[in-house]
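Protein chains: 2
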Amino acid sequence: MSYTNPKAEIIAIGSEFLHGGRTESNSLFLAEELATCGIEVEWKTLVGDNEHTIALALSTAVRRAKVVIITGGLGSTLDDCTRDAVATVTSRSLRCRPKALQKLKNRYTASGRPLTKAISRQAYIPTGAEILENPVGSAPGFLLEWKRSVVVTLPGVSKEAQAMFESQVVPRLGRYVSSSHVLKQKVLSTFGLTELQIDERLQPILQSFSFIQLSLLASALGVSIVLREWVSRKNVSSIGQVFTEMEKLLPMVRQTIGDNVYGEDNQTMESVVGQQLTSLSLTMALAESCTGGLIGHRLTQVSGSSSYLDRAYVCYSNQAKEDLLGVSRKLLERYGAVSAPVAEAMAVGARKRSHTDIGLSVTGIAGPGGGSVTKPVGLVFIGIDGPHGSHTKKFQFNGDRQDVKTRASQAALNMVRVYLLNQSRP
Amino acid sequence: MSYTNPKAEIIAIGSEFLHGGRTESNSLFLAEELATCGIEVEWKTLVGDNEHTIALALSTAVRRAKVVIITGGLGSTLDDCTRDAVATVTSRSLRCRPKALQKLKNRYTASGRPLTKAISRQAYIPTGAEILENPVGSAPGFLLEWKRSVVVTLPGVSKEAQAMFESQVVPRLGRYVSSSHVLKQKVLSTFGLTELQIDERLQPILQSFSFIQLSLLASALGVSIVLREWVSRKNVSSIGQVFTEMEKLLPMVRQTIGDNVYGEDNQTMESVVGQQLTSLSLTMALAESCTGGLIGHRLTQVSGSSSYLDRAYVCYSNQAKEDLLGVSRKLLERYGAVSAPVAEAMAVGARKRSHTDIGLSVTGIAGPGGGSVTKPVGLVFIGIDGPHGSHTKKFQFNGDRQDVKTRASQAALNMVRVYLLNQSRP
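Same order as they appear, the protein sequences are chains B and A.
The opening position of the first sequence corresponds to residue 1 in the working numbering, with each subsequent residue numbered one higher.
The opening position of the second sequence corresponds to residue 1 in the working numbering, with each subsequent residue numbered one higher.
Looking at chain B on its own, in the form it has when it is part of the complex (with noise of 0.2 Å):
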């Protein structure tokens, strides 16, 4: 593995970033969008809206990366000082740039409102950069060549980051960075194995592949193996497709992990559960309990959803299980709420009374507070009922009441999952 590809340097500016409680995350859409053209992002540098410091991170960031992106401070408001920062370490001066502020004007004319003098300022752009056009959004950004490093600089809002590194960057970086490898990379999402038990079944295969890099990572979900391969572009076709390690392992990867995989890339359990259900022709309702909509709320993140989930009971008193699921008094006082006869009945009532194809139920305790010694905090039992029967299953989960409701709704869609699975198989 010899080969070394370009590296680069993202750096993210908002003091919100700092101490607002925010999580930075246009690099992540970035880091991959770059890796796509054989860069890889080495360093993420996150500082303020502070033009000393600005000034700093981009000086440091030209001494040990080929690409520099920097993203966020170049609206109209008086902290946003990017533009300055990198005229000033750069010894450029800022330059109005007419086509750009005749682009603002027709933009806030169309709009209705006044282009003040803060906003013109967003027109103002280093001496000799490249003006790098916002598709979406008022302030463009900008492209320059500075000691032997190209200086990328972008807005902070997503959607305009995005937009302009895909239609202005990646067309331009080929003038100034290339490389000789690209990343393929391909995500299989796991529900039910340890990361342990995963890296235990994937090293014997993985010793034969001395140019694939695995990482696992674990979440409440489930664990997600990663696999990253640098690929010569002399491999890759004209359609992108051609993997050279990575062709002949991922089947074998898919063997031995079986069903345990649930989807590649960015496919989540509710969208698979949605593509199972939509190619059946089968319809869902839900039973929620502990996860109070959790699951109901995840199935419906997916457009389309209202072709197979018909409704949803979330029953959190024992009085509406009674109401309706049908579930019976006797059987509340016999077992208990959080039981798997409990379970079951509520999976069956969903179904019949909803007239659908899956009835699917959760009954749990999430906590903090509601566990006993026989009944802890993290007691779940799903129940699920469909055309080939019904049965329950119990399960003791980790973590916080966020925790607890994550994995029961992911451990619920997952029974579905399989049960469908079996169901489609001959």
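Be careful, since some hints might not be right.
Identical chains share a label here; the pair holds if one copy fits it or two copies do between them.
[Claimed, not checked] Listed next, the in silico DSSO-like pairs over lysine-lysine satisfying Cα-Cα at most 27 Å (straight line):
| no. | residue 1 | residue 2 |
| --- | --- | --- |
| 1 | Lys330 | Lys352 |
| 2 | Lys248 | Lys99 |
| 3 | Lys375 | Lys159 |
| 4 | Lys159 | Lys7 |
| 5 | Lys393 | Lys330 |
| 6 | Lys375 | Lys99 |
| 7 | Lys393 | Lys375 |
| 8 | Lys103 | Lys330 |
| 9 | Lys186 | Lys7 |
These aren't lab readings, by the way, just hints derived from the structure by calculation.
Note that the coordinates shown come from a computational prediction; the quantities given were computed from them, not determined experimentally.
For this one, chain B is given, so just place chain A on it according to the hints.
Below, chain A without anything else, positioned relative to chain B:
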């Protein structure tokens, strides 16, 4: 404002932050904790699990920051190399600490796992560094002085880093850094006003408060007003509750923004509504259509919500609206599911059928499909029914499906808040 407080840099280590799609979040609470010690975070640097890069980041950091906090890379896998990087760059060697090794042994013996060589690496700490015990996990951290800066190394696991910072680092910082001022921060969360509207109302007031720094942070949940003041330690009482300018300013801000302020600091809309319902001893039922369960999910994020949230009817289909809420087919046919009369009927139905005090309904078009000229994507009707009668409100939200759902859930909860606010007033 001539006071300059000591500066800190946070170096977060983890390749997943560069190209795994993970956002870094430990630095958020670290920045908050440091500020209460009088130390301001001026830089955040994110680098991968790479010894050379970590070493370079640390040498850069000590040149510009008095306090350097490194998180991550202290585990037992091969790519964890923070210990090695710090030792190398500070010209120290890694030495096994018998006490730390014994702790690891005890921990692993207790859980019946063997203490492998890889795990023992965690007890190897740079010479001259002070060990920071890990009360909740396995890897200890350490603290050392280098080039007149104090360097603190903590694990990447949030719970561990947080516990260690509070119990081990805060008490030691005073030895290395003295600050005459500490930060007092106040966050007021608002709904229903734009950044510009808030700015216009606050600027005239702020002119006579030269020590207060204002920032406005907008999101789909509303606009947060963040007020910061560096207060001389002389003015801070032993219980830490005396503000100088902030004390005078806060009532003025509350007055001018009025009921648009829904919460302070860590309060969420769902926790505020929960407190109102609890103190008025009221119960609530939901009828959600386009939000798909999100309001129920949000309300049940709050521990104890079972005492006021009885149930939620998530009625995605028209049939479900008829069955569960008694919305008449005639009404649905005449006005359509997304209309004020249907929203009202849903709220009334939810309240009546659940025998609760408040019924809250949402019906709208989350998109991207399903819109029309008269009923575009983002159109949402919210209805409320309670002891003081019922009413509905029409909204037109911007953004994608997720944004529309989030904004609708926030507007709906805010309608309950305002309804209850009026109810509890004489």
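Do the hints match the structure? See the list:
1. Lys330 with Lys352: The answer is both: 20 Å in one copy and 25 Å across copies each meet 27 Å.
2. Lys248 with Lys99: neither (52 Å within a copy, 47 Å between copies)
3. Lys375 with Lys159: between (47 Å within a copy, 25 Å between copies)
4. Lys159 with Lys7: Within one copy only: 24 Å inside a chain, 32 Å across chains, cut-off 27 Å.
5. Lys393 with Lys330: within (21 Å within a copy, 42 Å between copies)
6. Lys375 with Lys99: Cα proximity of Lys375 and Lys99: none, with 69 Å in one copy and 38 Å across.
7. Lys393 with Lys375: within (15 Å within a copy, 43 Å between copies)
8. Lys103 with Lys330: Classified as neither; 72 Å inside a copy, 51 Å across copies.
9. Lys186 with Lys7: Answer is within; shortest intra-copy Cα gap is 21 Å, inter-copy 40 Å.
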